[in-house]
Amino acid sequence: METETTDKKPRGKMTFIVTISIITVFIIYYSVMSMISPVRKLEEIKNEFGAKTAEKNDVDQRILMDSTYLKLLKEKAFLQSRIAMAQTDSIYLTLDLADSTANIEISGVVVHKSKMKSLKTSKILMAGNENVILSMLATPFTISHAFATIKKEPVMIKMAPKDTSEYKPDIMPDTSITEPVNYILEMNGGIRIYIYQEETVKFSDRISHLSFDLNDRLRDTWNALKSVAVLKVPEYHPFIKIRLPRTEAKIIYRAIPKNGQIAVFS
Amino acid sequence: MENKKITGDGAHAEIEKNTTGADSVNNDNINLSDSILSQKPGTRKPLYIVFRSFFIIICSILAALSLILIMLYVVPVLKEFSPRQKTEITNNQELKKDPLFKKQINALTKDVQRLSLKFNAYTSGQSYIVINTIENRFSLYTNKKLIREGFCSSGSYTMLQTSGNKKWIFKTPKGKYWIHGKTTNPVWKRPDWSFVEEGSPIPSKDDFSRYEYGVLGDYALALGDGYMIHGTIYKRFLGMPVTHGCVRLNDEDLKVIFNTLNIGSKVYIF
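One line per chain: the protein sequences are A and B, in this order. The letter at position 266 of the first sequence is residue 266 when you use this note's numbering, and the numbering goes up by one with no holes. The letter at position 75 of the second sequence is residue 75 when you use this note's numbering, and the numbering goes up by one with no holes.
No lab work stands behind these hints, which were simulated from the structure alone. Yeah, the Cβ is synthetic: ideal placement off N, Cα and C, and Gly gets one too. Don't take every hint at face value.
[Unchecked claim] Here are the simulated distance ranges between beta carbons:
{"no.": "1", "chain 1": "B", "residue 1": "100", "chain 2": "A", "residue 2": "21", "range": "56 to 66 Å"}
{"no.": "2", "chain 1": "A", "residue 1": "204", "chain 2": "B", "residue 2": "72", "range": "17 to 27 Å"}
{"no.": "3", "chain 1": "A", "residue 1": "235", "chain 2": "B", "residue 2": "218", "range": "55 to 65 Å"}
{"no.": "4", "chain 1": "B", "residue 1": "61", "chain 2": "A", "residue 2": "207", "range": "44 to 54 Å"}
{"no.": "5", "chain 1": "A", "residue 1": "245", "chain 2": "B", "residue 2": "47", "range": "56 to 66 Å"}
{"no.": "6", "chain 1": "A", "residue 1": "190", "chain 2": "B", "residue 2": "233", "range": "51 to 61 Å"}
{"no.": "7", "chain 1": "B", "residue 1": "218", "chain 2": "A", "residue 2": "259", "range": "36 to 46 Å"}
{"no.": "8", "chain 1": "B", "residue 1": "116", "chain 2": "A", "residue 2": "62", "range": "19 to 29 Å"}
[Unchecked claim] Cross-link-like lysine-lysine pairs, in silico, PhoX-like; alpha carbons within 25 Å at most:
{"no.": "9", "chain 1": "A", "residue 1": "13", "chain 2": "B", "residue 2": "45"}
{"no.": "10", "chain 1": "B", "residue 1": "176", "chain 2": "B", "residue 2": "145"}
{"no.": "11", "chain 1": "A", "residue 1": "158", "chain 2": "B", "residue 2": "167"}
{"no.": "12", "chain 1": "B", "residue 1": "171", "chain 2": "A", "residue 2": "258"}
[Said to hold, decoys possible] Over the 12 Å line for every Cβ pair with chain A, so calculated as not near, a few chain B residues:
{"no.": "13", "residue": "111"}
{"no.": "14", "residue": "181"}
{"no.": "15", "residue": "214"}
Using the sequences and the hints, build the whole thing.
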């Protein structure tokens, strides 16, 4: 009996040490791979949009870093995006990060203005290689996926009465229902726009926000784990996180089409 | 009776227990207590294993949770601190005197001006109306200035379904539209869904029962595809999504809009 117990102890310790070591190594590996992902993303953006700036051989490299030049370049990129979208009859969204406004436009006409309550952006969009990012922003983004806590079209099904005796006139709709409004718009190119309602007055609002955020993180982590498992660098999604009043957030989500377009001014 | 034989010196004494028949029970008790004592580590062992297992399980759960939390919350933060090339924005005064710089800035300024003009041309000086179907409000503009705003009623997003699987969705279309026609004292020609909704039989196309007078208010502005901006007898529902797709307004607002907008005027619905 004594010999058995003395044999088990080192084996248990060994298992524990090996497990801890494997987990630590995995965490380090996962973290390193994840930290490489923004660098890889910037490289991808450079390859896709950097050529445009490289073509301008006559431009002094110092000019590309000048504040006046960059300010004008930003304006130009934003206008180019808006004009491209205005040429369609569709509804689109413009985000002016410098001015903290989110506007809905149709054919160049601003039909609704919203003021952002808070804003957080991925460093890659703000402090990355400005010229490359500006070249990217010169073309509008198209929504490829959306995850939301509300329906795009709140359709209610009503069965037609068989005869006039079954007919009931419509009653006044219940406008007191205030469902939490949080959503993510994923663009082509992997950029994500997170729009959260500003109000967290009710406990259910906090829970809804927490669970929505957790779901997003779980989805991302699962995808990253799948990439890391096959020794691939996980995909990085540059983000813009905005908080808006609930009604404004709802208006924007319901107004823009499923594959709508968005222009960003940084 | 117990005889104790003490041998050796005072420091190390050996006690011998001599037992007799009468003392055998007593001896058994001693042996039993000895055996209990000898079994104590054995009885402790299951308890120890239970506590140890419980501790290991708790530690494992905590470790797994920490691992998940690190992956969910710490790694995304680390991503934002990853090293990358940063553009240093400068404001070099010497560079601003450079003719090449001036040339570039001038070219860029001209581009921005040209694009601004092109973009501003989209918002014409003509009158137009904006309908917000989410808040059920309208805004009327003339020469790019807001001249009137108020409540309206838009599509209810109700899907009317028959047992024969016929469907109608009552929603106001979104996007850019224009006024196709203007009518005073409009008459409503009831479509099929209007009869289906009431459970009435659908009459022939030009049956007199299809025509209703006075329900659309004094004016109607056609948007195409059967959609209209018109008045209503259900004024208490203004500001709510209750219509079959048309936009309903109160009498005063409708009159101003009717007089402001012309055929061809833009209607922006979102």
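Inset, instruction - Kindly confirm whether 19 to 29 Å is satisfied by the beta carbon distance between residue 116 of chain B and residue 62 of chain A. - result: holds, 27 Å
Inset, instruction - Report holds if the minimum CB distance from residue 181 of chain B to chain A is greater than 12 Å, and violated otherwise. - result: Residue 181 of chain B clear of chain A: closest Cβ-Cβ about 20 Å, beyond 12 Å.
Legend entry - Assertion that residue 111 of chain B lies outside the chain A interface [Cβ separation over 12 Å]: The assertion about residue 111 of chain B is violated, with a minimum of 5 Å to chain A.
Legend entry - Outcome for the supplied range 56 to 66 Å, where the beta carbon pair is residue 245 of chain A and residue 47 of chain B: holds, 59 Å
Legend entry - residue 61 of chain B versus residue 207 of chain A beta-carbon gap, inside 44 to 54 Å or not: Violated, at about 23 Å.
Legend entry - Range hint 55 to 65 Å (beta carbons of residue 235 of chain A and residue 218 of chain B) holds or violated: Holds, at about 59 Å.
Inset, instruction - Would you check the hint for residue 171 of chain B and residue 258 of chain A, treating anything up to 25 Å between C-alpha atoms as holding? - result: Judged against 25 Å, a Cα distance of about 16 Å means the pair holds.
Legend entry - Outcome for the supplied range 56 to 66 Å, where the beta carbon pair is residue 100 of chain B and residue 21 of chain A: Since the Cβ atoms of residue 100 of chain B and residue 21 of chain A sit about 59 Å apart, the hinted range of 56 to 66 Å holds.
Inset, instruction - Using the Cβ atoms, figure out if residue 218 of chain B sits within 36 to 46 Å of residue 259 of chain A. - result: The hint (36 to 46 Å, Cβ to Cβ) holds, given that residue 218 of chain B and residue 259 of chain A are roughly 40 Å apart.
Legend entry - Interface-negative label, residue 214 of chain B against chain A, beta-carbon threshold 12 Å: holds, 18 Å
Legend entry - Given hint residue 167 of chain B paired with residue 158 of chain A - CA-CA distance at most 25 Å: This hinted pair holds, its Cα atoms lying about 10 Å apart.
Inset, instruction - Mind checking the alpha carbons of residue 176 of chain B and residue 145 of chain B for me, to see if they're no more than 25 Å apart? - result: holds, 19 Å
In summary, the structure is inconsistent with hints 4, 13 from the numbered list given earlier, while agreeing with the others.
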